Amino acid sequence: MSATPDSPTRNGDVAATAAKGPQDESARIAELARATASGGSPMAQPAEEPTFGEGIRAYITRLKGGDIGALPAALGLVVLFVLFAALRPDTFLTPINIANLMVQASSIIVLAMGLTFVLLLGDIDLSAGVAGGASAAVMALVMNDAGLGWYLSIPAALLTGLAFGTLIGMFVARVGIPSFVVTLAFFLGIQGITLWLIGEGGTIPVRDQVVVNIANGNVPVGLGWVFAVLAAAAYALITLGRWNSQRRRGLNRDNFILVVLRVVGVAVVLLGLTAVLSQNRARVPGIELAGVPYSVPIIGVLLVLLSIVLGRTAYGRHVYAVGGNAEAARRAGINVTRIRISVFMIGSTLAAFSGIIEASRLNSVAPGSGGGNTLLLGVGAAVIGGTSLFGGKGKVTNAVIGGLVIATITNGLGLMGQRAFVNFLVTGAVLLLAAAVDAISRRRRASASS
Amino acid sequence: MQGTNPPTATGGAPLLSLRGIDKSFGPVQVLHGVDLDVRAGEVTALVGDNGAGKSTLVKCIAGIYTTDAGEYFFEGRRVQVHGPRDTAELGIEVVYQDLALCDNLDIVQNMFLGREEKKGVLLDEPTMEEMARQTLASLSVRTVRSVRQLVSSLSGGQRQTVAIAKAVLWNSKVVLLDEPTAALGVAQTRQVLDLVRRLADNGLGVVLISHNLNDVFEVADNITALYLGRAAATVRTKDVTSSQVVELITAGRSGDMGIIDTSATAAV
Ligand SMILES: Nc1ncnc2c1ncn2[C@@H]1O[C@H](COP(=O)(O)OP(=O)(O)O)[C@@H](O)[C@H]1O
Ligand SMILES: [Mg+2]
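As you go down the protein sequences, you meet chains A and B in turn. For the first sequence, full-length UniProt numbering assigns the number 1 to the initial residue and increments by one for each residue that follows. For the second sequence, full-length UniProt numbering assigns the number 1 to the initial residue and increments by one for each residue that follows.
Keep in mind that the hints were calculated from the coordinates and are not lab data. Mixed in with the good hints there might be a few duds.
Where chain B lies over chain A, by a calculated footprint (3+ residues, C-beta under 8 Å) [unchecked claim]:
# : segment
1 : 42-51
2 : 134-143
3 : 303-314
4 : 321-329
Bear in mind the structure is a predicted one, so any value in this text is a computation, not a measurement. Positions of the beta carbon are idealized from the N, C-alpha and C atoms, including for glycine.
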């Protein structure tokens, strides 16, 4: 039995802390003295708008602290575009190739959006790819064998994904099996289900025009422009309106010029993309092929909806909290089990949607649909985009940027006539690089907090 | 070092009272019939050796652990608590030893975690930010520059400040702090102790767990000593000396205070 209270060791601890960061400590005391002299808490005054320089410096500080987000992926995307444009000047930057690239990226992006929710909790869903394949098979069967339209077959596919996700979530959150193991089991089991549904060596064609149009149809050019302009205007109005209300109420806000630059940037991307995709890209003269592929506005709507869910609702906040510190979330009264189940439900439902897009693009579903490297491309897209494998950090936007990076690599290498093995090697290397960046920046974040 | 605080009127009905609390983890009984009173406007220090059961008692009060036996009174009424939400509703807030903040969220987000202000289905960020700033200002917090900083970028003292501000944000009536200064440097300890005293002066009932008797004698009005899971004694700070409290912590008794028959516990 210890006979003395441990205040001596306590004092030892204090001494150790002080010794560890003497400059730190004295700086803080000086700061304290200054604040006292100037009277009162800085919280008593309204927050000031940072200058342009301060805004930039704050961003750089965040980057140095390991909070790099989608920056590497966005830079990587620019580098890839410049590289392939230089290497394949007459094919890469053509409207038809850009349209192809967008369609190739869309199923990866939707899969990665779903995986983002799962990754935010530090979990993984290895079965997401094949869950998409099985859901697409259900859709094809409901259309072909039962003869029902897209309005029933698409919901049937989404419900199939939801059912997989619910089961996975139950096993992970209620039974307590690590998600890696549960979803590995589902990865095998679901492939069995697809094979059983379709039959060995079989392929189910997808002919429903609405489903085919998801990846193969284009928005009429005029309508495309209307959507693009409205979207850019809405983003500008909401962003500037929020900034103005923050200013009026004296809250923390970004530098105004940076906000305007962001609004302009979004408008340029939206309108630029619409301009490129509105050009006639038919290879045969006399035929008109123009307009934004339907999958682009679909991604846009999902991006906005899911970003609102994660960034602006209590549910989204709780997802981040559970991913950041599950015990803190539990003590805050958050139902951690329910949050954990819900992310698998969202993940698998979006995986089903990704499977539908892929079935539309290929006009068919096969037993191998969603297998192969589908899942790894999805995880790769999320992680390359800046979503952490360790949980608590990530955004839906990251999935979009990461998905574009992966699709650009595949597309560009294809144009250069590289064989498939090069594509595998390069994509694998990029994923490893992204995971390394994630691990290193996580360590930086940990050491940034003293 | 005694009596740095103006004497507070005692005899007022306690805000929070525990009677005969038992708590076991499997075969190990950690708390044995513990009594505790917390009065408004007073700091009650909870002291005891490592493993005496202080953190366990706090978690029982918070509703994180269910008790095996004993009664829980709040504002004179007997209450049943089933989880952290129940105690939060009563107005009891806890600053845990391990703080329980989410590093990936900012100060405002942490302070409102689980109790977010909403406008329709969307979060009402401006209102939350304003309330967070007001709370920090009312506590005269000077070391935090922006409430939109991520908690991962804060120092130990700043984190402690955020955890305390989170606890008082809700017009809470009782705040329990589990070793809030254990990991802090000299200047930061100073700030936190000032904050603790200010909470009580604002009329809250405060329970302070600390290993450091200097801290205890500086801010506490009452001291309850836990010895091997039993409440050995509850004394007025101004009536005792530091060495008497050390005896209560290490032996469970001092003079005529404390557990008279220690043979029962010694046999454990
Ligand atoms: N969850 C738990 N399960 C089993 N034993 C526990 C648990 N929590 C605490 N204990 C035991 O209870 C005793 C009291 O612990 P604690 O309340 O943390 O002490 P203190 O905070 O006073 O240092 C210790 O012997 C500890 O090992
Ligand atoms: Mg403890």
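Results for each hint:
no. : hint    : verdict
1   : 42-51   : holds (count 4)
2   : 134-143 : violated (count 0)
3   : 303-314 : holds (count 4)
4   : 321-329 : holds (count 7)
The structure fails hint 2 only (numbered hints given earlier).
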